[in-house]
Each structure stands twice: as C-alpha cells, then as structure tokens.
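Residues per chain, in single letters:
Number of protein chains: 4
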Amino acid sequence: MLRVGLLGAGRIGKIHGGNVAAHAGATLVAVADAVPAAAESLAAATGAKVASIDAIIADKAIDAVVICTPTDMHADQIEAAAKAGKAVFCEKPVDLSSDRIRACLAVVKAAGTPLMIGFNRRFDPNFATLQKRLAAGDAGNIEIVTVISRDPGPPPVDYVKRSGGLFRDMMIHDLDMARFLLGEEPVEVHAVGSSLVDPAIGQAGDVDTAAVMLKTASGKIAQISNSRRATYGYDQRIEVHGSKGMLRAGNVHETTVELATAGGFTAAPVQNFFLERYAAAYRAELDAFVTAVNKGTAPNPSGEDGLKAQMLADAATQSAQTGQTVKVG
Amino acid sequence: MLRVGLLGAGRIGKIHGGNVAAHAGATLVAVADAVPAAAESLAAATGAKVASIDAIIADKAIDAVVICTPTDMHADQIEAAAKAGKAVFCEKPVDLSSDRIRACLAVVKAAGTPLMIGFNRRFDPNFATLQKRLAAGDAGNIEIVTVISRDPGPPPVDYVKRSGGLFRDMMIHDLDMARFLLGEEPVEVHAVGSSLVDPAIGQAGDVDTAAVMLKTASGKIAQISNSRRATYGYDQRIEVHGSKGMLRAGNVHETTVELATAGGFTAAPVQNFFLERYAAAYRAELDAFVTAVNKGTAPNPSGEDGLKAQMLADAATQSAQTGQTVKVG
Amino acid sequence: MLRVGLLGAGRIGKIHGGNVAAHAGATLVAVADAVPAAAESLAAATGAKVASIDAIIADKAIDAVVICTPTDMHADQIEAAAKAGKAVFCEKPVDLSSDRIRACLAVVKAAGTPLMIGFNRRFDPNFATLQKRLAAGDAGNIEIVTVISRDPGPPPVDYVKRSGGLFRDMMIHDLDMARFLLGEEPVEVHAVGSSLVDPAIGQAGDVDTAAVMLKTASGKIAQISNSRRATYGYDQRIEVHGSKGMLRAGNVHETTVELATAGGFTAAPVQNFFLERYAAAYRAELDAFVTAVNKGTAPNPSGEDGLKAQMLADAATQSAQTGQTVKVG
Amino acid sequence: MLRVGLLGAGRIGKIHGGNVAAHAGATLVAVADAVPAAAESLAAATGAKVASIDAIIADKAIDAVVICTPTDMHADQIEAAAKAGKAVFCEKPVDLSSDRIRACLAVVKAAGTPLMIGFNRRFDPNFATLQKRLAAGDAGNIEIVTVISRDPGPPPVDYVKRSGGLFRDMMIHDLDMARFLLGEEPVEVHAVGSSLVDPAIGQAGDVDTAAVMLKTASGKIAQISNSRRATYGYDQRIEVHGSKGMLRAGNVHETTVELATAGGFTAAPVQNFFLERYAAAYRAELDAFVTAVNKGTAPNPSGEDGLKAQMLADAATQSAQTGQTVKVG
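Protein chains in written order, with the working numbering: chain Y, 1 to 329; chain Z, 1 to 329; chain W, 1 to 329; chain G, 1 to 329.
You may find that some hints are simply not true.
[Stated by the list, open to error] Residues of chain Z placed beyond 12 Å of chain Y at every Cβ, according to the derived structure:
1) 125
2) 152
3) 283
[Stated by the list, open to error] Simulated pairs of lysine to aspartate or glutamate, EDC-like, Cα-Cα distance not exceeding 20 Å:
4) W/327 / W/305
5) Z/49 / Z/72
6) G/161 / G/254
7) W/92 / W/254
8) Y/244 / G/198
9) W/132 / Y/254
10) Y/83 / Y/254
11) Y/161 / Y/184
12) Z/132 / Z/63
13) W/132 / W/185
14) Z/49 / Z/59
15) Z/109 / Z/254
16) Z/132 / G/254
17) Y/132 / W/54
18) G/92 / G/76
19) W/244 / Z/198
20) Z/244 / W/305
21) G/132 / Z/59
22) Z/92 / Z/304
23) W/109 / W/76
24) G/244 / Y/198
25) W/83 / W/63
26) G/109 / G/76
27) W/109 / W/63
No wet-lab data here; the hints were simulated from the structure. Glycine included, each C-beta is placed from N, C-alpha and C at the ideal position.
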C-alpha cells in the first residue's frame, strides 16, 4: 500500500488526489495547498489530512508525492522529495528551462528514487491501444505520424504570458506523443506559428496557431498542428502511416446520437473539456505510477522523457522565431 | 451483338435505352413510345429508329425487348414477345395480379424464351457485394435480415390509386431483397400499415408507413420497414445478422464533406433520387441481361422471382388489412 | 441524505451499492445477501454494515431500499418495504406474472410510498439524449421506432428455464424502450421467435432469436429484433423516424482506434459487457431515484411502467406461440 | 459546339477524349498519338478521325486542343496551338521548368487564347463542394489546411527518374489544392522527404515519403504529407480548420458494405485507382473547359495557376534538399 502525499489541490490535483484515494494499492495520506480551503476540501472528500508541503516531504511515513503545484515549483519539490527518498509523480513540465530540468534529473539520479512525468495522453485508452498495436507491428514500419490537437478555446492572456509559449505549454503533449509513436528520436525540428485566434496572444509574443514537422535519423516524419480554438470541442487525433497500413485514433464524441434531416446527418460535438476527455487516462496514469513504485520497476514516462519533450518544444520555439530548422539530440 | 427493341421511352426507359446503346454486347435498334416525341428524342440520342410496339415485336431482326411501358401492359407484351421468340427484360412488376403473372409465365415457359424481371437493387454494387459475401459465408448462418427503405417523398395520390398499394408498389423491392438475402423462402408474412405521411393516401385506401415481418421454414426472420417520406434523402439500408457476424450496407451520401461546429459534425444528406442512387445498379442489371442472353444462360432474377415477390406483397397487403398472419408458399 | 439499505449484493447489487455509496445525497447504511461473504465484501468496500433483509426492512433509520435479489423475491420485498414506509428501487421485473405485479402495485399505492423500476437503458446518456431531443420535436411526429438489441452470447440453459422466456427476460428492455420513445401505448403486438443460436434453448421451450412489431392507436409502428448472440459485442441501437427527420443512437465501441489495410478499415468491436456498456446509465438511474425521493417527486420509470412492459412481454410471448396478433391495453 | 482535337491517346487521353465525345457542347474531331493503334482505337470508339499533331494544330476547323502527350512536349504544343488561335486544355504540368512555363505563358498571353491546366482534383465533387462552402464562409476565416495524399503504390523507377521528383510529380496536386483552399498565396515553404518505400527511389535521388509546411503572408498554415504507398487504397483527404469550424472531405470507399465480427467492424478499402476515384472530376473538369471556351470566359485553373504550383514544387524540392526554408512569391 503506497502512502501518498499530494502537493497542490487545484483542478488537476483534485483529479490525481481522487484517483490516489480510490486506488486499491495506494492511500492518500496528506494534502497540501497554498489555499487552505482547497486542501481542506479535498482532504475531507478523501479522508486524508491537511499538511504543509514541507511536512509532507519530511514525513517518513509517506512513500511518494504527487506534484500538482505551479510549474515554477516543480523542480525544487522534485529534488526535495527525491532527497527525502520519496517516489515522485510530477505533472508536466518539470520546468520551462531544459537546463533546470537537467540539473533536477541529476539530483533524482543521485538519489536513486523513481520519477514519473505526467504525460497523460499516453494513457488514454485509445492512444495507448494504438501505440501497443503499432509496437506489435500492425501497421508495419512507421513512416508518417500525424497529430492534430486543438483546444476548445484560448487561455487567458495572463496565463499565456507565464506559460513558456504554445510550443512548451500545449504542443509539448503532441511532441511527447510523436516520440511515443515514432519509437525513435527526432533529430530535426521545423516549426511555424501565427496568431490568428486572439490578437492579444500575438501581442504577448506568443502564437495560437502552429505547426511542426519532425524528422528522425532514419527518415520517419511527424507532422503536428495546434490551434488554441476549436468550435466543435477538444480535438485530439493521431494517425500513423506505415508500410503495412494506417492506424488512427479519432475523437470521442459527447454521445452517439445523430440527427438526419434535409440539412444532413449531424453527430454530436466531441467532448469539450480535457478533464472529461482524459478522465480514464488520468486514472490509468496514476495506476501506472502506483503499480511501478509498488513493484519497484521504473515508472514511465520518465524524467528523461520530460526533458526530451522539453528540448523539442525549445527547438520548435526557436524554429518558429528564426524561420530556421533546428537540429536536436 | 444483341439487337434490342425498347418498349416505353419514359423516365426508366431512357435509362435502360441509354445503357443498351452504351453496351459493347448490344445495339439499340428501335424505340417505341405512345408519345412520339419521347421515342424520337431517345432514338436520336442513341442512333436507334422509332417504331411501333407491334412492329418491334414482329421484327425478326430484333433479338430482345426491354419493357418499360405502364404496368398494365407488361404481361401482354411479355407474352407477345415470348411468342415471337424474343428474350425479354421487363421492369417490375409483371402484373398487379399474381394470377395474371402465373398465366404469363406459363406462356413464356411454353415459348422457351428468356425472361428477366427488373429488381434493380440486386445489382447495386453495395447490396450485390453484401449478398456475395453472405453467400460466401462471411456472416455464417443467416438469422435476422433487416431492410429499411424510405422514399424521399410520397407519390401523387393519382399514382397511389393505380399502384396496387404500398406493399405491391414500394415494398415489393424490399420483399425481393429479403428473399435475395435470406436464401430461403418466407412461409409467414405479418404486416402493419398506417397513413401518417399524407392523409390523402389513407383516404385512397392505401398506407404510407408500413412494416413487415417474415419467417422462413427454418426460423430465419426478416424485418422490413417503409416510409413514403424521408427528409434526409432516399434511405436504403440492409443488414444481415448471422452466426459469425453482421454484414450491412449503408446509405450513399451526396459527398464526403463534413462540417464540424459547436452544433456537431454534419455529413451530407444521402442521395435523394432513385435514378442517381441506382445508376450503377441499372447499368449492371442491363449488363446481366445482355450477358445472359448472349451466353444462352438463364437471366436472373427470373419471372418466378417476380411472381414470388408479388405473392409476398399480396400476403402483406392482406395481413395489413385483416390483422392476421398470412401463410405463403 | 437518503439512508439506503441494499437487498442483494450480487453482480448488479454491487453496482447499485457502489453508486449509492458514492452519491452525495445518499448513504449506504446496510447490505443484505443470502451469501454472507457477498454482503460482507460489499459492506467493507462501502463502509456499510451487514444486516438481514428483514432487519433492513424493519430499520426505521433506513429511508429506502434497493432490491437486487432474485426475481421471485421482488414483489414480496417491495410490498414489505412499502408497508414499512420505505421508498423502493427495484431491479426489473417486479415479477414474471402480470397479475402478481398488479397486486404488488396496489399494495404500494395503498402505502403511498415511492417505487421506481430499474429500466437502466432509459438512463444511458445516448438513449436519454435521443429521447429528450425526440420529445423536443427534433424529429417531428414519431412514425417508426426501430430497436436492435443483441446480447454477446446466450445465457446458460438453467437460467433460460427460470427466466420467463426471451420476451420477458431480454426483450422487456426493448419493449420499455419502445414505450419510452413512442410516447404512446402500443395496442397491438405481433411476435415471431426461433431457436437458431443454441438448440438447448429451443428444447427448453424458449427462443433465442426474435422479432416484434408494435402498433399504437394512432398508427405509429415499432420494430424490435433480438438475438442471444452477437460476435462483435453487445449490440444496442435505437432509431426513430419522424416527419422532420431521423434520430438514432449507435453502439459504443471499445476504442476509437481504426486500422486500415488492404483488407479494409477495421474499427474496434463494440463494448461487450452490459455492466461496462451501461455503467453511466446505472449511475444516472440511481441518481434519478435518490434525487426524486429526496425531492418528494414521483420516481420514473414507475411501477406502472414495469407492469406495462411486462404486459407487452406477455403479449409477445403469446403471439410468438400462437402466431396470432395480440391486442393489449 | 466546340470542335476539339486530342493530342495523345494514352491512359489519360482516353479519358479526356471520351469525355469530349460525350459532351453535349463539344465534338471530338481528331485524335493524334505517336502509337497509331492507340489513336485508331480511340478514334473508332468516339467517331473521330486520326490525324497527326501538326495536322490538328493546323486544322482551322478545330477550335481547341486537349494535350495529353508526355510532359516534355506540353510547352511546345501549347505555344503552337495558341499561335494557331486554339483554346488549349493541357494536363499538368506545363513543364518541369518554371522558366520554360513562364516563357510559354508569355506566348499564350500574346496570342490571347484561352489556356486551362488539368488540376483534376479541384473538380472532384467532394473537394469542389468543400471549397465552395469554405468560400461561402461556412468554416469562418481559414487557419490551418491539412492535405493527406497517398498513392496505392510507387511508380517504376524509370518513371521516377523522368518525373522531376515527388514534389513536382505528385505533391504538385496537393500544393495546388492548398492554394485552392487557402485563398491566399504561400510565401514560405519548408519540406522534408525520405525514401522509406522503395530504396531504388532513393538511389535515383528522389524521395517517396514527404511532408511540406506552407505559410501565407497573413499567417495561415498548410500541412501536406505524401507517401508513394498506401495498402488500403488511394488515400485522398483534405481538411480546413477555421474560426467558425472545420470542413473536411474524406475518402471514397469501394462500397458501403461493412462486416462486424469479434475482430471488429471492417469497412471496405478506399477506391484504389485514380481514374476510378476521379472519374467524376475528369468529366467536370472537361465540362468546365468546354463551357468556358464556349462562353468566352477565362478557363480556370489558368496557366498562372500551373506556374504557381510549379514554383511551390520547386521550392519544396529545394527545401528538402537544403534543409532550409524557401521564400516564394
């Protein structure tokens, strides 16, 4: 039974905290949040106690921490928890700076403690099934990966300013997905970006519409496109073309209801909210962490996966700004 | 090269006439129609001559006739053509009376000439493929056949009055399709009908909404439903459930274009007009006739198929009127 | 906060018990089961106590019971609980005999306590959305309802013998769905049935493949077909054709993954297990019960709905046996 | 009635020749081909005469020529026909060299004769409908265009060597489609390519797997990917994401037949052969040419469209070779 402390009881913290509490192999022992009411509310709902972050990290009766605090606290908390001998699950990203991530991973490595990074989409039942079938050879040799990812609506500009930019904040999920599917590291990144959705995002120096092309050493190609807007829901699609065929995983619609009239056949919009769309993925992700730590195996995706996705996001950011292809790896 | 005379140059006559003219194994020699302009226009377009029905039947240089005249002329013309030694393709039905059909088939049998009845849907590439796969065992033993067939809009009441009623005029296609798919004769027919679309149809003693249940001797079941109205196009679907799986053939949409907005994902309506929906079926049907006659094999569906579908339509009509199940065969 | 006792902790009892325990407006107080270990296991998982059925019914601190015992105990337990002033949620059916149901409903009526019958499919998000849109007029006037329902595989013959037959055991769900969608009572039932899946079912006097046609007083038509087998999963579809268009709700596939090869485009099978397929429906159903009782409104579907579905199932059974149409209502 | 001469009676020449002959506003007068039997066969089938290319161009009774000869003859023949006052429909491309195209267009401009380039996909009913709806604003402002185009199998290496490379031979269709949909000229091209399908293609200096990213002055983005192989048919999809929604046009499957078994739901492969997939497009394209010339309006797509697509293909070729983004326009 893994005894878990939760750092951060905001929107995503509540999801992970609830999943820990409901897991047969874990107990949610303590919850910390800068907003006392948030910690208290989640603690009450899950039977955990409220504690400070420092107290949780210092508590020898706690085996693992789940970090859902703001991004700029992640690396310090990972290091502190690792030094305290705790297993760590940390929401992506470890940090907005690849250098800081590298330093952090070095500390974790020295501590010899497990670290898992929260790329939830790898655990979506659709995408996970696709990846397993791909790895089993159902599509043959991988040739072209296509990822289309569009948010229902743009975040507030204040959030955008602190986010590290679209490539690090949003596309990092798709860059990780591309790595997950390609099974080989990209060595070249070319990116373009525009501000077509909200001029304020452009004025803040960021883009809201973007595309990336990746190439691996053996010549596999990935194409990704992102928009901060999709009127028809949270658009999340992947497709892999290979020598034997094509594997793809489509969107999840709100219902299976369809209306046919003279105007055509209208199916439901796709699920709109990421917490609904990826509810099963968050459960499976947390289960993967708990199971790995309980079994003593290395959790996956690792800190290294977090670093590599961040390096691709850095490269994409640079490419979009300079118009030049950026080599990585 | 089969030399063909066409009796009737109306809407469906033009289709068959054009298909004869374009067929590599056939020549359209002559066209007859009660409306001279109709015959002349089609003759001009196809390089045929205009002739009277009697002259075509008497013409020893004509090998086969394609009958597209009004229903009440079919049986007489089939008999005359058969006696003249000609192969006959006749639009369904042979007659609205099963007794008249039986008498006509006896004449054809005595003449020993080929007769094919125009159940065009058997030649639709989708439905024909489904039937072939069914016969090949892809779905295992057939258990339940479901046919859904809805016209875009009701015919004029004047037409309804002369039509023999929905079961003989419209559902006869689906009854033939059920026979085609079941591979075994229905022995029981139960039907219900209502007038929900156009009250004038009900006042004329007919129905515009109907359903039928068929059962074969071995217990296979077919369900059919018909409506004289479908706002979203000409709805034509079949589905066969068997011991190994389900085979189905869906509708043909006008285009593959889809629009996704906050209101959902809207695909195009289905093709609205039967001559468009079944254009390929009419070509394949005529080709089957020409090929069979040229090869000296029996064309299919036969006059017997026309009779059996008519007997099912009679039984359905009677069942809907009496509320009783009707035995056939 | 509704204090609930659970009678029966088998497969479906565990689902309802868990949903009660997780409901913000209800507490699972006690669990009873003839198998002590079953009651103890569910009690431990939910924080409830174990008690006997009699004790639960006698317990004045319990407001409501959820009945998940074998069918032949339902009516007695409903009556006892109603007389004890408790609200009752009972799995379908109340009893295999319509007369027994009528007597039971009279007792409940005299007691003036709420009774809800567990027709879970009404609460499936897809079907519930379809019904709401239908009621809102999206498809216009209802003309033809089509329900296709196929189980993944046949139950054991021992179960079949005690089940009341396919029409009462399986099709009752679809008959209730037809009533739910038609918005008008069927007045005529015609049914056919065969044993095509498992000869032992036929030898036991039941059918495993069946179809029904219903007609209402105003002429609306419903067609239902059932099979005890579907190789491709638990097939659950409804379609309503109306004057303005068609509304349908399709199957729920295991994933959205699709593989395209020379053999075609293969999507995942549909969800195979009813507890998975209807997990959300069971939650919503229990919520509807708790909410209605807490608010003092009449829960829905009512005991009367249970009776009417049973009468249709009786009529279908009789029709399939006699070959005659049966009038109801 | 437009009197048309056909230059080249190969695979695509037969299609255009047949469409001219069947067109109510045109007559196929003469057919030329280096292989006499090819010209004779098509002439016999269409009622045209056989003539030499020079004779056709010199024939004052011929109003227009349709050029289906090998690419390296296109520019000379366009110039000769234009100088002879003839309207010209020419299969893409005008030439593999943009400079040669520019020179040719100057000659045509001086002659003042109509010139249309055969980008057939603009006339596909699905894609044409999508573009019309896009232009009508159904998707709002255009933000991201995605084009996926995969051939069923690679061409012979001998063809590849003379083809100008994948970007000029295959992707030029998609580059034209991107221009057609974007409604704005791309100003930046970035391309990557690999040889993953057939090593002999790589040894010949070409690629068989490629992707391109385009950006317009206002920031609209297009992504294209190509493969010379698709096991599941001729894959042709477009998708446009805009401020109000997404418009897409999917593949055309061979039939609507679907088989459901324990392995899932298998739909038919997509149409495999470009002449079948684009049969309707070729007819509509030829009709657009005949109609424009008969009406005296400018045919579309124009020689300028041919030049611009070629310039994008040149830029993509250069980008894939250098790894640098290439500016155009």
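Q) Which of the stated hints cannot be reconciled with the structure, identified by number in ascending sequence? A) Hints 2, 5, 6, 7, 10, 11, 12, 15, 17, 20 and 21 are the ones this structure does not satisfy, whereas the remaining hints hold.
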